[in-house]
Amino acid sequence: MSQNNSDNINIDRKNDSESSTNGEEASPTIDPTEKWLIRDCEIYEDEYDDCTSFRARFHQYFIHGESLDCNQWKKDYVNCCKWVKDNDTKAADALIKSEKIRRLKRLTAHYQNDTWKKRESPPTDWEKPLPEWMIKRDQNTYLAQKAQEMREGKLDDDKSLCVIM
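For the sequence shown, UniProt numbering assigns the number 1 to the initial residue and increments by one for each residue that follows.
Heads up, a few of these hints could be off.
[To be verified] Keeping only pairs whose Cα atoms sit at most 30 Å apart, straight-line, the calculated DSS-like set for lysine-lysine is:
1. Lys35 <-> Lys74
2. Lys75 <-> Lys105
3. Lys82 <-> Lys97
Honestly, the hints are just simulated from the structure, not real lab data.
Keep in mind the model is a prediction, meaning the values are calculated, not measured.
When you get a sec, could you build the whole thing from the sequences and use the hints?
Right under this line is the structure:
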């Protein structure tokens with residue numbers, strides 16, 4: 001990902017220098033604040049493969065009653081490859097527009113939510129102590145025991161606290 005960003009910066013500089021030396025209008029550049037929307041090309045390919053897999057098709061039919069159109073993932077993959085390999089700014093622009101549309105669809109329910117009032121700041125009593133019943137309920141948990149050991153300094157620093165169950 002970092003390679004793409006450095007390449008993008010060099011492309012912008014190249015386009016700026018070409019337009020100033022030739023006096024011609026340079027190809028459009030991508031807004032630096034939107035370049036982060038472009039993912040690695042492998043992600044678009046993986047999403048397309050996942051979308052067209054047998055398991056995904058079965059899930060789509062079960063949830064939506066029909067198979068979904070996965071062609072946008074393929075278009076995004078092709079545009080990403082054009083952007084990375086050929087520095088095609090039109091492909092990058094199409095990719096950014098596609099990502100914005102995808103993001104808007106994903107957040108539509110959030111934006112249309114009128115049930116909950118969105119906060120401007122945290123509640124005034126956000127740091128108050130937990131209720132007594134909750135403290136009593138959680139006092140014998142593994143996490144509570146480890147926290148107590150840490151407070152008492154009994155915790156062995158060489159020992160890992162990562163537990164895989």
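Quiz item: Which hints from the list above does the structure break, by number from lowest to highest?
Solution: none
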